[in-house]
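J.: For reference, the chains in residue letters:
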Amino acid sequence: MKPAPFVHHSPRTLDETVATLGEVGHDGKVLAGGQSLIPVLNMRLAQPAHLVDINRVDGLDAVTVADDFVRVGATVRHAALERNDDAYAVLPLLRQALRNVAHPAIRNRGTTVGSIAHADASGEMPSIAVLTNAVMEVVGPRGRREVAATDFFEGPLQTVLEADELLEAVRFGRFTPGTRTAFLESARRHGDYALAGVAVAVDVSGDGGDAVVERARAAYVSVTDVPVVIDLSEAVAGQSISSTWDAVEDLVQSGIAPEADIHASSDYRRMLAAELTRRALATAVKEA
Amino acid sequence: MTTRQFGAPVKRKEDPRLVTGNGRYVDDLGHDAWEAAFVRSPHAHARIVDIDVDGAVDVDGVIAVFTHEDLDGPAGDRLPLLIPHPSIEAGRTGYALAKDEVNHVGEAIVMVVARDRYIAEDAAQRIVVTYEFLTPVVGIATSRDGSDLVHDDAPGNVAAHLLQEVGNVEPAMAAAPHTLTLDLEIERSACMPMEGKGVHAHWDSDEQRMRIHSSTQTSTGVRAAVAAKLELPLAQVECIAPDVGGGFGVKIMHPWPEEVLVPWAARRLDHDVKWTEDRREHFTSSAHERGQLQKVTVGFDDDGRLLALDVKFWHDNGAYLPYGVIVPIITATQLLGPYKPQNYRVEFWSMYTNTVLVTPYRGAGRPQGCYAMERTMDAIAAELGIDRAEVRSRNFIQPEEMPYDQGLLFQDGRPLKYDSGDFPASLAKLKALVGWDDFAAYKKEAEAQGRKVGLGIGCYVEGTGVGPYEGGHVHVETSGRVNVATGLTTQGQGHQTILAQIVADELGVSIDDVHVTTGDTRRMPYAVGTFASRGAVMSGNAVALAARAVRAKALRIAADALEVSEDDLQIEDGTISVKGAPNASIALSTVAVMSNPLRYAFDESAKAATQFAGAFDPDKPPVADDDEPGLEGKDFYSPTQATFANGMHAAIVETDPVTAEIRILRYCVIHDCGTVVNPMIVEGQVHGGVAQGIGGALYERMVYDESGQLLNASFMDFLMPYASEVPHIETDHLETPSPLNPLGIKGAGEAGTIPVTAVIASAIEDAEGFPIRSMPISPTELWDLRRQHAHAGASPTSQTSTTEESA
Ligand SMILES: Cc1cc2nc3c(=O)[nH]c(=O)nc-3n(C[C@H](O)[C@H](O)[C@H](O)COP(=O)(O)OP(=O)(O)OC[C@H]3O[C@@H](n4cnc5c(N)ncnc54)[C@H](O)[C@@H]3O)c2cc1C
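Just so you know, the protein sequences line up as chains A and B, in that order. Residue 205 in the UniProt record's numbering sits at position 205 of the first sequence, and the numbers go up by one each step. Residue 763 in the UniProt record's numbering sits at position 763 of the second sequence, and the numbers go up by one each step.
Note that these hints are calculated values from the structure, not bench results. Incorrect hints may appear among the rest.
[To be verified] Listed next, the in silico EDC-like pairs over lysine to aspartate or glutamate satisfying Cα-Cα at most 20 Å (straight line): (1) Lys2/A - Glu477/B; (2) Lys417/B - Glu165/B; (3) Lys2/A - Asp32/B; (4) Lys11/B - Asp243/B; (5) Lys2/A - Asp27/B; (6) Lys312/B - Asp60/B; (7) Lys452/B - Asp27/B; (8) Lys579/B - Asp603/B; (9) Lys2/A - Asp278/B; (10) Lys2/A - Asp60/B; (11) Lys452/B - Asp656/B; (12) Lys452/B - Glu82/A; (13) Lys99/B - Asp116/B; (14) Lys444/B - Asp405/B; (15) Lys607/B - Glu477/B; (16) Lys2/A - Asp145/B.
[Said to hold, decoys possible] Label pairs and their in silico Cβ distance ranges: (17) Asp512/B - Arg99/A: 42 to 50 Å; (18) Asp100/B - Asp61/A: 43 to 51 Å; (19) Ser724/B - Asp61/A: 23 to 31 Å; (20) Glu162/A - Lys295/B: 53 to 61 Å.
Keep in mind that this is a model prediction, so the values were computed, not measured. The beta-carbon is built from N, C-alpha and C at its ideal position, and this holds for glycine as well.
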């Protein structure tokens with residue numbers, strides 16, 4: 001398990017990075033935290049001739065909290081974002097989800113933007129990107145462009161990114177004040193990729209026990225090809241926050257298409273997705 | 001006074017070195033060595049039509065490329081069948097490099113030696129092997145069907161078939177008031193040591209000597225095997241097991257192909273060569289264990305007492321049979337646990353499949369046997385409506401019946417005769433620890449809250465410390481340093497500590513002065529290896545006997561010097577003194593000087609042993625006819641039979657009523673391994689064993705598809721439990737010393753693993769109310785079972801067991 005030979009590029013500036021990516025084109029790969037790419041190289045499942053290592057590029061490691069969004073640069077580690085109190089204060093869902101991404105050692109190296117660029121349907125952060133209406137900041141030899149999260153993912157491990165493009169940052173959209181969120185998943189072992197996972201955002205009106213749901217949306221992990229948002233409002237709007245949430249079942253089931261693998265059947269994942277949705281809704285409305 | 005070390009929770013001597021990164025593993029050796037990589041079969045069953053290595057030899061940095069054709073002499077012959085047994089009908093082993101045919105994915109075909117491993121892998125990737133596909137035989141059911149064969153000359157895919165019977169099962173079964181039949185299944189798992197295998201070979205062409213470092217559980221075994229394969233005199237081969245990062249059984253198998261090929265290539269190329277196994281190789285070219293299908297028929301009376309037990313099982317031995325039938329023999333014999341079956345018949349078929357071979361993994365066949373027996377005990381309890389612990393206790397062998405002969409032959413070819421044990425006392429302790437009698441109330445309360453909880457139990461007896469022998473060598477230097485050597489190898493268990501404890505007590509020296517070497521054939525060429533929970537029993541007793549010989553000699557010399565009787569002497573803190581007269585004393589180091597008459601004084605202390613230094617009897621030679629120079633002792637411990645440890649575990653699990661996720665709330669262990677040398681180390685062994693057992697019960701499996709591809713050959717998909725999956729383990733001990741060895745020790749290494757699968761199955765069954773007949777079990781499977789039982793409606797036990805009242 002040793003990688004095939006490759007040329008390692010270590011640009012220091014964004015311009016240099018873009019130029020290098022332009023040169024190596026389809027023979028190259030961006031190397032961020034390496035937590036997904038390095039195993040693939042070691043098993044020789046991919047043999048790129050060039051690695052463009054962005055870890056030493058200036059200015060990519062910033063987390064910026066603005067009125068409408070939390071902007072996360074390409075080399076911000078999962079762990080740094082998870083621990084960022086300013087980001088948590090305005091968008092608790094980031095930390096709620098990041099806690100479930102692998103284990104601390106992997107979060108210390110792996111990047112949130114990298115995991116979105118990697119677009120694994122069982123990654124947590126792509127689903128957070130779509131639920132928050134994130135905007136992808138893409139840069140490449142042909143200039144800059146911005147892509148909405150819902151347009152970004154094309155299939156498992158496939159995005160609209162061209163081989164010579166860098167995902168420079170992701171702007172996670174902030175919810176309106178009062179939106180309550182929760183993230184829940186079930187994995188075979190603590191920190192594994194989830195069998196199924198769900199992020200929910202719920203708007204509630206009224207106070208205490210009398211509060212009712214206005215709107216609820218959910219995004220899923222491991223049960224769809226690309227991260228999608230399912231609007232549950234139709235099933236739950238007007239319901240008390242102490243509802244059993246049983247009404248979401250049909251909406252969830254029609255919005256997901258889980259595949260079976262060696263860890264769980266498709267039916268099991270369907271059951272799990274619906275049950276986790278109910279539990280996440282219950283958790284979210286409690287966390288006020 | 002020297003505090004007694006034996007029995008104390010002495011901190012491990014090896015840990016400061018190991019936890020500060022100063023361990024020395026095979027891959028830490030040989031920075032200048034050339035490295036090997038292998039082309040391994042991507043197919044489970046195929047004929048090799050052609051091997052084209054042209055693309056590889058041109059790669060810069062490649063030294064050599066070898067195929068089977070290059071292997072000369074015995075190196076090209078089949079690898080040995082290590083443990084012949086009369087039940088083996090078709091014993092097939094592979095070659096170091098495949099010849100003509102491959103029988104599992106991962107089998108080595110071409111060896112590439114290059115300047116480093118990267119280059120070796122680059123070159124290996126360019127080698128083109130052309131195959132003609134044969135039908136792969138995967139899974140026991142397909143193998144048993146026998147329409148396709150793994151080996152053309154192994155009809156029905158049967159490697160071995162064995163039937164043993166004690167008593168007369170047929171009439172007893174016919175006469176039994178109740179009978180039950182259970183069809184059981186248990187999946188494969190594997191040892192997965194943190195360090196894979198590894199070999200480094202140094203050939204000294206001037207001296208014609210081969211030095212091998214191998215990450216092995218038996219350096220004497222590897223040494224002998226390599227000498228034979230390379231046609232070298234044994235005296236010119238040495239093998240050392242340096243620090244080894246875990247073994248758990250897979251490294252007792254030998255010689256692995258690489259253990260032959262790396263030394264062979266080192267000699268051929270006259271250069272150091274090494275190979276470090278990577279994880280993917282470990283998954284597909286080392287060994288697995290556990291996979292069995294079992295059919296148990298049991299006859300019992302109205303009180304749940306066994307009248308007859310009839311067990312048939314099919315054991316998946318993988319593609320080859322180099323380790324013989326040790327695993328199924330252990331299943332067949334150790335299945336009986338602490339119980340008296342009255343009449344017992346067991347028959348097994350060891351089956352070939354086109355999968356990685358099967359050799360012992362911690363527990364070695366016992367987890368399967370314990371699972372069969374304990375599932376049966378629970379089924380009897382359910383059938384009669386009797387408490388599960390009660391049914392077990394009614395079938396226990398009683399302490400006054402010890403020694404108890406089960407009437408079978410054990411894995412060492414000797415009688416399955418339990419030497420000691422107090423099963424009722426163990427059960428009482430377990431029930432107290434887990435709160436057995438209070439559980440019903442707890443369960444009721446939990447159910448009222450919509451929770452599902454279950455209590456499970458499992459009992460086992462483990463034959464440990466099997467022969468043939470192990471040796472100890474103890475040498476006191478003139479500095480007072482005590483060197484201890486045993487040939488048995490160590491993989492992190494704490495041998496350096498417990499052997500030092502034993503020697504420190506026997507000799508009366510500080511444990512800090514005792515230095516233990518294991519697994520080095522230069523220091524102790526006669527040894528067997530580390531397996532079957534035998535380290536403490538075998539080497540512990542051997543070094544004790546060797547230390548006693550040293551003590552006797554020291555006392556003799558001291559008695560002479562102090563002009564007192566030996567009986568009046570004691571040794572404490574490295575000083576020999578007259579009891580009651582502490583001023584009349586002599587240091588053990590001085591005795592070491594005196595024990596070796598010298599011509600030359602190499603240092604101050606040595607002067608005392610030189611020829612003009614003192615008075616001597618001119619009529620006697622400096623070394624008496626029946627004596628040897630030096631304060632040394634060597635002895636061997638060779639038992640007549642295994643010593644039988646035992647234990648009982650209980651667990652409380654909770655299953656999620658909706659998602660069927662399984663959580664272990666409590667895990668309790670009662671453990672009896674005779675006299676305990678170091679309770680902290682035993683506890684650690686039990687914890688590690690339980691952790692591996694939980695892996696086997698709830699997480700690990702080898703997922704082969706029908707073409708023989710292992711779908712989960714990485715730690716991403718082979719789910720070894722993390723610390724987060726292993727619950728706190730509560731333990732309590734019982735010490736019934738073994739009457740068989742001087743120290744009263746029984747083995748403890750494998751104990752923790754054995755009953756876990758049975759215990760977890762029992763607990764889940766209790767929580768769910770339907771039988772669990774296949775393990776391991778995952779949430780998705782439990783959820784499927786719930787749906788099946790919900791559909792089936794009534795009679796939850798009817799699924800796989802049948803009950804009939806005899807007329
Ligand atoms: C044992 C283990 C468990 C894991 N469990 C989980 C889990 O539960 N959930 C989860 O979400 N992830 C998990 N991961 C993956 C981890 O989160 C990765 O860190 C993440 O998926 C990729 O981020 P990275 O920075 O390591 O990217 P890399 O590995 O460096 O790159 C991954 C891919 O994305 C591309 N890429 C990376 N950054 C960019 C960029 N800025 N622009 C364009 N392309 C880019 C690379 O070229 C490559 O193709 C696990 C990893 C391991 C090793």
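J.: Among all the numbered hints in the text so far, which are the ones the structure does not match?
T.: Violated: hints 1, 6, 7, 8, 12, 13, 14, 16, 18.
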